[in-house]
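K.L.:
Let chain X serve as the given structure and place chain A on it in line with the hints.
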Amino acid sequence: EDQVTQSPEALRLQEGESSSLNCSYTVSGLRGLFWYRQDPGKGPEFLFTLYSAGEEKEKERLKATLTKKESFLHITAPKPEDSATYLCAVQAVYNQGGKLIFGQGTELSVKP
Amino acid sequence: DAGITQSPRYKITETGRQVTLMCHQTWSHSYMFWYRQDLGHGLRLIYYSAAADITDKGEVPDGYVVSRSKTENFPLTLESATRSQTSVYFCASRTGDNSPLHFGNGTRLTVT
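So the protein lines, in turn, are chains X and A. Here this note's numbering is used: the first residue of the first sequence is 11, the next is one more, and so on. Here this note's numbering is used: the first residue of the second sequence is 26, the next is one more, and so on.
Each hint should be verified, as a subset may be incorrect.
To be verified - In silico DSSO-like links for lysine-lysine, alpha-carbon gap of 27 Å or less: (1) Lys95/A / Lys109/X; (2) Lys36/A / Lys52/X; (3) Lys82/A / Lys95/A; (4) Lys89/X / Lys69/X; (5) Lys121/X / Lys109/X; (6) Lys78/X / Lys36/A; (7) Lys67/X / Lys109/X; (8) Lys82/A / Lys109/X; (9) Lys52/X / Lys95/A.
I should point out that these hints are in silico values taken from the structure, not numbers from a laboratory. If you're wondering where the values come from, they're calculated on a predicted model, not measured in any experiment.
One chain only, chain X, in its complex shape (with noise of 0.2 Å):
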C-alpha cells in the first residue's frame, strides 16, 4: 500500500535556527513527489515537485532534496512568516488520473 509519513508532526524553531521536515514513502514507482505549504483557513499552496533521486530544487529560505525512500525540506535561518504547515504529497507511476497520496504535515512554528 502507498504511504506516506512526516515527521516531526510539529516543530518550534527560534528565528534564525535552521532545521530540516522529513517525509518519508513508500510506492511502486515515483512519479512525483510535490511539497505545499498551507496558511490556517487556506488552501495548500505548491512549493517544489521532484521528480528522481538526486535532484535538488530552492526557493527562498526552503530547499527540497529528494532519495529514493524520503525528502527533506530544509528551512535555513527561518523567519516568522515561514511559519504554517508543511505537505507532503507522491503521485505513483501507475496512478492514472494524476492522484496524489497526502502525508499528514508538519506544523512549523517559527518564534521570533
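P.N.:
Just chain A now, with coordinates in the frame of chain X:
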C-alpha cells in the same frame, strides 16, 4: 482574477439534508479533485475528474456524488449529510497528469 473558487466558505447543515459544495476554476485545467481534510487523517481524496463527463472514485467516496458537465465546474453533493462528513473540503485542479495541484481555499462544513 484567474484561479479556483469554492463556495460557500462556511456551511452548517442538519443530518439527513442534501448539500452541494461548488467549485469553479478559470484555468481550463483538465483535472479536478475533491479532498477532505480532517485532524489525524490529513487530506483524503473523495472524487476526481480527468475531463468533462469523466469522473472516478478516490479513497473515501461513500455518501458523495459529483458531476462535471463543464470543464470549469466540479460540484460535490452530499446526498444525505451525516455528522462524520463534518470536515473541511478542498477542491483542486491541475493542467496535466503530473503537474502541481492548485487548491481553493476550502469549504468548512458542519453537520449537526
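K.L.:
Hint check: lysine 82/A vs lysine 95/A, CA-CA at most 27 Å. Holds or violated?
P.N.:
holds, 18 Å
K.L.:
With a cut-off of 27 Å on the C-alpha distance, tell me whether lysine 82/A and lysine 109/X pass.
P.N.:
holds, 10 Å
K.L.:
Are the Cα atoms of lysine 78/X and lysine 36/A separated by 27 Å or less?
P.N.:
The hint is violated at about 42 Å.
K.L.:
Given the hinted pair lysine 36/A and lysine 52/X, is their Cα-Cα distance within 27 Å?
P.N.:
With Cα atoms ~16 Å apart, lysine 36/A and lysine 52/X stay inside 27 Å; holds.
K.L.:
Just to be careful, I want the Cα atoms of lysine 95/A and lysine 109/X compared with a cutoff of 27 Å; is the pair within it?
P.N.:
Distance ~21 Å between lysine 95/A and lysine 109/X Cα, so the pair holds.
K.L.:
Given the hinted pair lysine 89/X and lysine 69/X, is their Cα-Cα distance within 27 Å?
P.N.:
holds, 14 Å
K.L.:
Would the pair lysine 67/X and lysine 109/X pass a check requiring their Cα atoms to be no farther apart than 27 Å?
P.N.:
At roughly 22 Å apart (the allowed maximum being 27 Å), lysine 109/X and lysine 67/X satisfy the hint.
K.L.:
Lysine 121/X and lysine 109/X: Cα distance at most 27 Å?
P.N.:
Violated, because 35 Å separates the two Cα atoms, which is more than 27 Å.
K.L.:
Would you mind confirming whether the straight-line C-alpha gap from lysine 52/X to lysine 95/A stays at or under 27 Å?
P.N.:
Answer holds: lysine 52/X to lysine 95/A is near 25 Å, not above 27 Å.
When held up to the earlier numbered hints, the structure conflicts with 5 and 6 and fits the remainder.
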